[in-house]
Amino acid sequence: MLREIAIFAIAISLLLGSITPPVLAQTADGSTLPFPPVPSASIAGETLQESTMIRREEPNRIPNEDPPNILIILLDDVGFGQPDTFGGEIHMPTLSDLWDKGIAYNTFHTTAICSPTRAALLTGRNHHQAQSGTIAEFAVDWDGYLGVIPKTTATVAEVLREYGYKTSAFGKWHNTPANETTAMGPFDRWPTGHGFDYFYGFLAGETSQYEPRLYENLNPIEPPHDETYHLSEDMADKAIAWMRHHRSYSPDKPFLMYWAPGAVHGPHHVFKEWADKYKGKFDDGWDEYQKRVFANQQALGWIPEDAVRANRPDGIDDGIAAWDEIPESEHEFQQRLMEVYAGFLEHTDYQAGKVIEELDNLGIRDNTIVFYIVGDNGASAEGQEGTISEFLAQNLIPSTIEEQLEALDGLGGLDALGTPKTENMYHAGWAWAGDAPFRYTKLVASHFGGTRNPMVISWPDGITPDKTPRSQFHHVNDIAPTIYDILGINPPEYVYGFEQKSLDGISMKYTFNDANAEDRKKVQYFENSGSRGIYEDGWYACTFGPQIPWNTALTAAMRYT
Numbered sequence: 001m002l003r004e005i006a007i008f009a010i011a012i013s014l015l016l017g018s019i020t021p022p023v024l025a026q027t028a029d030g031s032t033l034p035f036p037p038v039p040s041a042s043i044a045g046e047t048l049q050e051s052t053m054i055r056r057e058e059p060n061r062i063p064n065e066d067p068p069n070i071l072i073i074l075l076d077d078v079g080f081g082q083p084d085t086f087g088g089e090i091h092m093p094t095l096s097d098l099w100d101k102g103i104a105y106n107t108f109h110t111t112a113i114c115s116p117t118r119a120a121l122l123t124g125r126n127h128h129q130a131q132s133g134t135i136a137e138f139a140v141d142w143d144g145y146l147g148v149i150p151k152t153t154a155t156v157a158e159v160l161r162e163y164g165y166k167t168s169a170f171g172k173w174h175n176t177p178a179n180e181t182t183a184m185g186p187f188d189r190w191p192t193g194h195g196f197d198y199f200y201g202f203l204a205g206e207t208s209q210y211e212p213r214l215y216e217n218l219n220p221i222e223p224p225h226d227e228t229y230h231l232s233e234d235m236a237d238k239a240i241a242w243m244r245h246h247r248s249y250s251p252d253k254p255f256l257m258y259w260a261p262g263a264v265h266g267p268h269h270v271f272k273e274w275a276d277k278y279k280g281k282f283d284d285g286w287d288e289y290q291k292r293v294f295a296n297q298q299a300l301g302w303i304p305e306d307a308v309r310a311n312r313p314d315g316i317d318d319g320i321a322a323w324d325e326i327p328e329s330e331h332e333f334q335q336r337l338m339e340v341y342a343g344f345l346e347h348t349d350y351q352a353g354k355v356i357e358e359l360d361n362l363g364i365r366d367n368t369i370v371f372y373i374v375g376d377n378g379a380s381a382e383g384q385e386g387t388i389s390e391f392l393a394q395n396l397i398p399s400t401i402e403e404q405l406e407a408l409d410g411l412g413g414l415d416a417l418g419t420p421k422t423e424n425m426y427h428a429g430w431a432w433a434g435d436a437p438f439r440y441t442k443l444v445a446s447h448f449g450g451t452r453n454p455m456v457i458s459w460p461d462g463i464t465p466d467k468t469p470r471s472q473f474h475h476v477n478d479i480a481p482t483i484y485d486i487l488g489i490n491p492p493e494y495v496y497g498f499e500q501k502s503l504d505g506i507s508m509k510y511t512f513n514d515a516n517a518e519d520r521k522k523v524q525y526f527e528n529s530g531s532r533g534i535y536e537d538g539w540y541a542c543t544f545g546p547q548i549p550w551n552t553a554l555t556a557a558m559r560y561t
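Following this note's numbering, the numbering of the sequence shown begins with 1 at its first residue and continues without gaps.
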C-alpha cells in the first residue's frame with residue numbers, strides 16, 4: 001500500500017512539474033537582465049598538457065561602440081532665477097562654462113520635491129509609478145506613496161551595471177525608507193541595492209555640512225571634527241578619488257556617476273569668506289531682486305520677451321511680506337541670510353567644477369556626457385520668515401524674529417550665520433524672488449516656481465555647443481530614457497525576474513543638435529500633497545492645493561485634514 005501511495009505521489013509531482021511555468025529565461029538581447037553567463041571556452045583534454053584554458057571575457061553588450069561616461073550633477077533647492085548664468089545674481093562659473101561647451105534647457109521640470117524628483121530621475125518613470133509620491137519620511141501605505149522604489153522600476157544604474165558600466169553615487173540619497181536607514185538595515189534599498197557599486201553620502205533629506213551623518217557603502221563614517229571640513233568639498237574629493245581608482249583598475253569600462261551633494265538644501269552652511277563675497281548685494285530686498293532678474297532673463301533671451309512677471313503672493317493664507325513691510329531692525333538679518341545662501345550656492349558650483357575638471361585631468365572629458373540639473377525643485381520657502389534654526393518653524397515651535405536675533409547675539413551675531421552654531425535658512429521672500437519669473441516655490445507642484453529648473457548638458461564628442469536655449473517641454477523622468485537612447489539600449493522588459501513598468505519619460509536626444517526641434521513630449525502631470533497640474537500639447541491646467549510651504553502655523557497645517 002505504501003509503495004502504491006509513493007508511486008502515485010511521484011506521478012502527481014511529475015504532472016505538476018510539467019505544467020509549472022518555466023523559469024524566466026535570460027536573453028542575450030538585453031530584454032531580460034541580467035545577461036546569461038558567458039560559457040567557458042576552455043577545452044579539457046585527457047591530461048593537463050592536452051587541455052586548453054581560455055579566460056572567459058564578458059562581451060561588449062552596448063550597441064554604441066564608444067559608450068560615453070555619464071556624470072549626473074543634481075543640486076538641491078535652487079531657484080530658476082538664482083544662477084547668474086541665466087540672469088540671476090549668484091555667480092556659478094562652472095555652470096556658465098558648461099553652457100559655453102554645451103546646451104541649456106529653459107523648459108525642464110522636476111516634481112517640486114526631493115525624493116520624488118530623484119526617483120523619477122533614476123527610474124525614468126513618474127514619481128508615483130516609482131512609489132515615491134512624497135518624501136521618504138512621509139511615506140504611507142497607499143499606492144504611489146510607499147516611499148520604496150519597487151523592483152518593477154529598475155534604476156538606470158541597475159541597467160547600466162548589467163551592460164558593464166561601473167556605477168557610483170555621492171551625496172544625498174533620499175529614497176530609502178526612514179526606518180531602514182540604520183546600521184541594522186535591511187540594505188537592499190540603499191544605493192548599493194539600487195545598482196550603485198559605490199556610495200558615499202547620507203541617507204536623509206538634509207544634514208549638517210559640518211557634522212554630517214555619513215555612510216560609505218553600508219558602513220557609517222565619522223567625519224573629521226575640524227573647522228576646515230565641509231561636506232560639499234568632501235563629496236567632490238571622494239568623487240575625484242573614485243574616478244582615479246576607476247581609471248587605474250577599469251580603464252576600459254565606462255562609468256555612471258550620480259553626484260548629488262545635498263546643497264543648497266537647508267541648513268545653509270558655508271564658510272564666511274564665501275558669504276562675504278555677496279556683502280551688500282541684496283540690500284534692497286527681494287522685491288527689487290525679482291524685478292532685476294526678470295529684466296536680465298528677458299535681455300538674455302532666457303525667457304520670452306512677452307513673459308509676464310509673477311506678483312508676490314499676498315493673500316490671507318499664502319501672503320509673503322513685501323520687503324518694505326519688514327521692520328528696518330530686521331533688514332541686516334534678512335540680507336545676511338541671503339548672502340550666506342548665495343555664497344553656499346557659489347561654493348557648491350565650485351565643487352562641481354572640481355569634479356568636471358578631473359575629467360579633463362584624466363583625459364576623458366570629450367567622451368563624457370554631463371547633465372547639470374540646477375535643483376531638484378524650486379527655491380525653498382521653508383525658512384518662512386527667516387530663521388537661525390529651520391526646525392523651529394517646521395516643527396511648529398513658535399518664535400519671533402526678535403527672539404531669534406537675541407539668541408543670535410549670544411552666538412556671535414550675524415557672523416554666526418552659516419557656521420556650525422546655526423541651522424539658518426532665508427526668508428520665503430528670497431525663495432519667491434529666486435524663482436523668478438514664476439509663481440510660488442518648492443513644494444508647490446502646480447506652478448513652475450516649484451517645478452521648473454534649468455539644466456545644461458555637455459558632451460564634446462556628441463553635442464555641438466549652442467547658446468540657443470532649448471525650449472522643448474521636458475521632465476526629469478526623461479534623463480534615463482535619454483541615456484538609453486544614447487547607448488542604443490532598449491529598456492529591459494524584465495530585471496532580476498521582475499517585469500518592468502514601461503518608461504514614462506522620453507529621450508531628449510532629438511534636441512541635442514537641433515534647438516528648434518518640435519516638441520515630442522506631449523503630456524506630463526505634476527502632484528505633491530494635493531498641489532497638482534497637467535501639461536498637454538502646450539496647454540497647462542493647475543490648482544494650488546492645501547499646502548503652503550511658508551506657513552506652517554497650526555491653522556495652515558490643519559488644512560491637510
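Please note that the accuracy of each hint is not assured.
Unchecked claim - FRET-style restraints, in silico, Cβ to Cβ: (1) Asp318 - Val140: 41 to 51 Å; (2) Asp306 - Val523: 39 to 49 Å; (3) Thr228 - Lys277: 14 to 24 Å; (4) Ala515 - Asp461: 30 to 40 Å; (5) Pro36 - Thr152: 19 to 29 Å; (6) Val308 - Tyr496: 23 to 33 Å; (7) Ile54 - Thr468: 45 to 55 Å; (8) Ser250 - Lys467: 54 to 64 Å; (9) Pro327 - Lys277: 24 to 34 Å; (10) Asp360 - Leu218: 50 to 60 Å; (11) Glu403 - Gly144: 35 to 45 Å; (12) Asp360 - Glu402: 50 to 60 Å; (13) Glu357 - Gly144: 24 to 34 Å; (14) Glu273 - Pro327: 41 to 51 Å.
Read the hints as simulated data drawn from the structure, not as lab findings. Here a beta-carbon is modelled for each residue, glycine too, at the ideal position from N, C-alpha and C.
Do the hints match the structure? See the list:
Against the hinted window of 41 to 51 Å, the Cβ-Cβ separation of Asp318 and Val140 comes to about 25 Å, which falls outside the hint. One distance hint, 39 to 49 Å for the beta-carbon pair Asp306 and Val523, is violated here, with the actual separation near 25 Å. Look at Thr228 against Lys277: about 19 Å separates their beta carbons, and that is inside 14 to 24 Å. For the pair Ala515 and Asp461, the beta carbons lie near 19 Å from each other, so the given range of 30 to 40 Å is not met.
A hinted range of 19 to 29 Å for the beta carbons of Pro36 and Thr152 is consistent with their spacing of about 22 Å. Between Val308 and Tyr496 the beta carbons are some 49 Å apart, a value that contradicts the proposed interval 23 to 33 Å. Take Ile54 and Thr468: their Cβ atoms lie about 53 Å apart, and the range 45 to 55 Å holds. The beta-carbon spacing between Ser250 and Lys467, approximately 36 Å, falls outside the hinted interval of 54 to 64 Å.
A hinted range of 24 to 34 Å holds for the C-beta pair Pro327 and Lys277, which are about 27 Å apart. Between Asp360 and Leu218 the CB atoms are about 33 Å apart, so this pair departs from the stated range of 50 to 60 Å. Hint check: Glu403 to Gly144, Cβ distance near 41 Å, so the stated range 35 to 45 Å holds. For the pair Asp360 and Glu402, the beta carbons lie near 51 Å from each other, so the given range of 50 to 60 Å is met.
Evaluation of the 24 to 34 Å hint for Glu357 and Gly144 yields a failure: the beta carbon distance comes to about 41 Å. In this structure the supplied range 41 to 51 Å is violated for Glu273 paired with Pro327, their Cβ-Cβ distance being about 29 Å.
Of the numbered hints stated above, those contradicted by the structure are hints 1, 2, 4, 6, 8, 10, 13, 14, listed in ascending order.
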